[in-house]
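Asker: So the sequence lines, in the order shown, correspond to chains A, B and C. When you line the first sequence up against the working numbering, it's residues 115 to 299, in that order. When you line the second sequence up against the working numbering, it's residues 18 to 334, in that order. When you line the third sequence up against the working numbering, it's residues 5 to 678, in that order.
There's no promise every hint is true.
[Said to hold, decoys possible] No more than 25 Å apart at the CA atoms, straight line, and that leaves these computed lysine-lysine pairs for DSS-like: (1) B:Lys156 with B:Lys210; (2) B:Lys52 with A:Lys254; (3) B:Lys136 with A:Lys267; (4) A:Lys231 with B:Lys232; (5) B:Lys121 with A:Lys283; (6) B:Lys302 with A:Lys254; (7) B:Lys277 with B:Lys302; (8) B:Lys120 with A:Lys270; (9) A:Lys270 with B:Lys215; (10) B:Lys136 with A:Lys277; (11) B:Lys215 with C:Lys392.
Keep in mind that the hints were calculated from the coordinates and are not lab data. All values reported here derive from a predicted model rather than from experimental measurement.
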Amino acid sequence: MEIIKTNKITKISDDLSNLLRDAGYLELSACIQCGTCSGGCPSGRRTAYRTRSLMKKVQLGLKEEVLSDKELWFCSTCYTCYERCPRGVPVTDVIIYLRNLAVQEGYMQAPHLALCKMFYDTGHGVPINDNFSQLRKHHKLSDLPPTTHQFPKAAKEIQTLLKSTEFDKLTGVGDYEKKEDKKGG
Amino acid sequence: MASNGLKFALFLGCVIPNRYPFIERATKAVFGKFKIELIEMEGASCCPAPGVFRGFDIDTWLVVGARNITIAEELGVDIALMCNGCYGSLLEVNHTLKHDKEKKKMVNEHLAKIGREFKGTAKIRHVIDIMYHDIGPEKIRNRTKYGRKVPLNLNLAVHYGCHLVKPRDIRPWDNQVENPTFFDELVEISGCKSLNYKDKFMCCGAGGGVRGAFKELSLDYTREKLENITAAQADAIITGCPFCHLQFDLGQVEVNNIFKDKISAPFSIPVLYFTQLIGLAMGMKAEELGMIRSPDLKGVPPFTPVKPILTKIGESA
Amino acid sequence: MVKPKNGIKITGREPPKIGVYICWCGINIGGVVDVPKLCDYSRSLPNVVLASEYKFMCSDIGQGMIMEDIRAGKVNRVVVASCSPRMHEETFRRACEEGGLNKYLFEQANIREHCTWVTMNDIPGATRIAKDHIRMAVAKAGQLKPLEVTTVKVEPATLVVGAGIAGINAALDLANSGYKVYLVEKSPTVGGHMAQLDKTFPTMDCSSCITTPKMSEVARNPNIELMTYSEVVALDGYVGNFKARIEKYPHYIDQEACTGCGHCVDICPIECANEFELGMKPRKAIYISFPQAVPGEYTIDMNHCIRCGICKEACPTDAVHYNDISEYVDIKIGTIIIATGFDPYDAKRLEQYGFGRHKNVINALQMERLLSSYGPTEGKVKRPSDLKEPESIVWVQCVGSRDFTGRGKKYCSRVCCMYATKQARSYKEKHPNTQILIFYIDLRAFGKGYEEFYYDAAKNYGIKFIRGRVSEILEAENDNLIIRAEETMLQRPLELEVDMVVLSIGLEPREDIDDIARIFNVTATKTEDGFLMEAHPKLRPVDTLTDGVFVAGNVVGPKDIPDTVAQAKAAASSAATLMSRGEVEIIPYYAMVIDHKCAGCKSCIGLCPFNAITFNEIESIAEINDILCKGCGTCVAACPSKAIIQNHFDDVQILPMIEAAIPKKSQKEEVKVE
Chain A
115 MEIIKTNKIT KISDDLSNLL RDAGYLELSA CIQCGTCSGG CPSGRRTAYR TRSLMKKVQL
175 GLKEEVLSDK ELWFCSTCYT CYERCPRGVP VTDVIIYLRN LAVQEGYMQA PHLALCKMFY
235 DTGHGVPIND NFSQLRKHHK LSDLPPTTHQ FPKAAKEIQT LLKSTEFDKL TGVGDYEKKE
295 DKKGG
Chain B
18 MASNGLKFAL FLGCVIPNRY PFIERATKAV FGKFKIELIE MEGASCCPAP GVFRGFDIDT
78 WLVVGARNIT IAEELGVDIA LMCNGCYGSL LEVNHTLKHD KEKKKMVNEH LAKIGREFKG
138 TAKIRHVIDI MYHDIGPEKI RNRTKYGRKV PLNLNLAVHY GCHLVKPRDI RPWDNQVENP
198 TFFDELVEIS GCKSLNYKDK FMCCGAGGGV RGAFKELSLD YTREKLENIT AAQADAIITG
258 CPFCHLQFDL GQVEVNNIFK DKISAPFSIP VLYFTQLIGL AMGMKAEELG MIRSPDLKGV
318 PPFTPVKPIL TKIGESA
Chain C
5 MVKPKNGIKI TGREPPKIGV YICWCGINIG GVVDVPKLCD YSRSLPNVVL ASEYKFMCSD
65 IGQGMIMEDI RAGKVNRVVV ASCSPRMHEE TFRRACEEGG LNKYLFEQAN IREHCTWVTM
125 NDIPGATRIA KDHIRMAVAK AGQLKPLEVT TVKVEPATLV VGAGIAGINA ALDLANSGYK
185 VYLVEKSPTV GGHMAQLDKT FPTMDCSSCI TTPKMSEVAR NPNIELMTYS EVVALDGYVG
245 NFKARIEKYP HYIDQEACTG CGHCVDICPI ECANEFELGM KPRKAIYISF PQAVPGEYTI
305 DMNHCIRCGI CKEACPTDAV HYNDISEYVD IKIGTIIIAT GFDPYDAKRL EQYGFGRHKN
365 VINALQMERL LSSYGPTEGK VKRPSDLKEP ESIVWVQCVG SRDFTGRGKK YCSRVCCMYA
425 TKQARSYKEK HPNTQILIFY IDLRAFGKGY EEFYYDAAKN YGIKFIRGRV SEILEAENDN
485 LIIRAEETML QRPLELEVDM VVLSIGLEPR EDIDDIARIF NVTATKTEDG FLMEAHPKLR
545 PVDTLTDGVF VAGNVVGPKD IPDTVAQAKA AASSAATLMS RGEVEIIPYY AMVIDHKCAG
605 CKSCIGLCPF NAITFNEIES IAEINDILCK GCGTCVAACP SKAIIQNHFD DVQILPMIEA
665 AIPKKSQKEE VKVE
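Chain A with its partners taken away, still in its complex shape:
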């Protein structure tokens, strides 16, 4: 019975495309599915991810499907599609915005969540450790770089900002850190 399955579309909605239009990405509505984006996509030629299909799904309003799919995170934001789209669709920026929406719905990859925690705790996405401190000394540099690592007040500023934009609430770090994992999708 596994062969009996359908992905029939029974509802087309403006909800998702309206969100993008409100954010200023109007050209998306003019996408004619020419395939230039997928045609040059370095990710698409080694995975099932199809940039063009993603644009169509957004046009049709298949919101849950788009935001929950981990393929949304296969794009390496190389901007090749953005540069080549003949309709001027800012493809990569659309994908980044969709990722924002996905995170708001709670869809995030676990390693990315870990990065958010480090960002909140240290002000760096990739913080230093003892080993690399030694490496800095080997290269005649200060053991800590003159960043938030060396200036705790600056690290506090970052936390103030992340609280102010509610990044902590969004990603579940700082005061909002929970035990359970984010939905990986």
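The hints should help you fit chains B and C onto chain A, whose structure is shown.
Answerer: Below, chains B and C alone, put in the same frame as chain A:
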């Protein structure tokens, strides 16, 4: 003091100071030779990384990016940075906030809580931009003429990366995007030749959060690039971004491991940051360019040995 | 200058009896304002003797109402309150004329576009504005004077600019109707781009076989004076009476003495790029464009000639003259047809396709030359790198067209889907085992026989059509090409190695279109596609807004051969219509200088956008050419001595309108909001 009047605030980011400090070392050394003054940006943070944090919340990315820019604004100088990702972030943040009144207002409302204000008085410059437009390939070539007794004569596979060049509209490369040549011009010095290899302008795979969440996918990109670079018989890969550098350096070891059944032979192409190459061409010591390994530390770069390059050009390890 | 029959001394002193006719225009006007109430209001206005209303005043019945009232002597001035005068001013004027009233004793109040169409949701407001318009029109109508239409003679000759297939057809139709035609062509030969094509779709006619007969005809027709290697450098005048100066560039060869032996070409030491062969074959500095060139004249390209003297010495009839100079010819014509064609898109602008870098990526026009039996490879398609006949060819569609990035044009170039299919079929006919792929976004086969041609190409010739715009083209070993695209139907990435790629480039306005527009005083739509602008996109496709100047073919927009020829014939017909009556009407709203008031300050001369004002040095007064004058009113307003007046828009006609626009206290009752 800078004899040519060039002075910048050096933005470090994360990967360079915390993982690849020799890029910082080499760039500072080479810039010093060209009398470009680099001052510290105290309390700078992650740019924030465009591939991850911009994808989580654009407003947070604007706010934290703006905070970094205000540090330079207070110093009254433009920002120089060494990473394509930081370039992508700070250049875009700066441009957005300079032109979108509402976004600037939103950002400053948050920054007010830490007593800062984005004014839009600074410019964001990649070190490649500074070397190409402020110094120029010809001046660099002249400096390298008498730098070394024997020219380097290396065959180089230049990797531009993505955010250096795209999107083209706010970048200073005079519309070069599908087939740029400016980075090649900088490194074709001391007898070096920049090779044409298949998919030269393809992404390394690290960005967009891909290395973080789907490492194998990112490494498949890298495997393809390494195959093409090897086929072109390059002596070294030249990068302008620490994340690309990491992807080719540590990534090369990882590719050799996880794709060992897919590739014909393990890759072993040294990876150099471009200021290391310029320094070598000028006759600077390998040591001050960060090319000598620390004998005691484990698990630190370079993961793919650069010694073969030194041997090839007749430098002692 | 032609003086009107009655001059300005006719004032029509009888008291005005104004009839106001209000149109419902269905619900456009009637659905917003209360038309009967407007009629009541109109009757209360000064000089109005009757006010009627009807659903559609422009209909026969509506016009009949006006005519009847005029014939019955009830009215001697007519105001129609309806749509914009741009719609029906002529209709109502003719109705007045048929009724026996001078057609300029009519005024139209626009209560549709200027009223109900913009205030649909504010009924009281719309009503108020409608009353304002009617009141103003009535105020003017009371001051209207009868005017006479004058005519000017039309020179029965046409200047056709450009001798491609459009220019040739237009010239022949006019010449065969008995008109004199000056056919001017910039290049040394007629034929245009059509002479470069191999076959034409969908009939697969050989292009030169159908073009060359017309080319010869145009050279032989006794009514056509053909000037090739010539350019129109100056144009003066107005409809029916243009004066053009043509520069005939020197060939440096005495065409009478030249026997066409070609010996000079053989021994010329200089090779340079051959424009006709699109750079794929060289030519000598002394050359003939192609073997069937008409006229069959040799030319020396002085940009490359080094004047070594070898050809001069070798010429058996001493026909080479290095010191020839341009000849200037002045002509008088009544009409002009611009048929200067297009330029192909420069594919270097889409860098990802490698045109200009990858040896075996060519454009479609170059492919035409390769396919052509008198082309650089004599009809055998050989790829540039190694002259091998390709075993696999890809056509890339929409190169430089349907592009909203600024690196190409936004429009669809209309012919590329068909020409690619045609070229593919031409090659496949001779090489049935070739793999031929056409990568497209949409396949547009709109014309007569086109869809059938496409079907046939796929079914009987096995040409494969792949839906997916090519993203990039890389160079592989042996100068082969690698195509990257998505097969969008199967949703799979595609990477193929092929021998040769043909870019289906779009059709663009010529590089010099701005110069053309300037000389002929027409508009080029620089904001959008850049082609010359037709007077109305639907109803006047071959007219321009400059009377007497017509356009045809690709100079207006990209099109195929049938449409080009149709437009050429349409333009010839329009020109003939204008010239056949021997005279053309001049609309009498021109401005006039009151001689004794003119102080000779010359302020007006530079202001006229139509160059209609000249200065008479002897009498020291400005003179207005009433044919060039379009009645814009600029000089009237600017003259510091108030020495210029304008028919139909005199101060005595406009000032009452202004006064009527602002109701006085005593009129407040009429404009009370209901």
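Asker: Each hint needs a verdict: does it hold in this structure or not?
Answerer: For each hint, the structure was consulted:
1. B:Lys156 with B:Lys210: Holds: Lys156 of chain B and Lys210 of chain B sit about 18 Å apart, inside 25 Å.
2. B:Lys52 with A:Lys254: The hint holds at about 20 Å.
3. B:Lys136 with A:Lys267: At roughly 22 Å apart (the allowed maximum being 25 Å), Lys267 of chain A and Lys136 of chain B satisfy the hint.
4. A:Lys231 with B:Lys232: holds, 19 Å
5. B:Lys121 with A:Lys283: Judged against 25 Å, a Cα distance of about 23 Å means the pair holds.
6. B:Lys302 with A:Lys254: Distance ~14 Å between Lys302 of chain B and Lys254 of chain A Cα, so the pair holds.
7. B:Lys277 with B:Lys302: This hinted pair is violated, its Cα atoms lying about 36 Å apart.
8. B:Lys120 with A:Lys270: Cα-Cα ~23 Å, so holds.
9. A:Lys270 with B:Lys215: Violated, at roughly 47 Å.
10. B:Lys136 with A:Lys277: Given pair Lys136 of chain B, Lys277 of chain A holds - Cα atoms ~23 Å apart, limit 25 Å.
11. B:Lys215 with C:Lys392: holds, 24 Å
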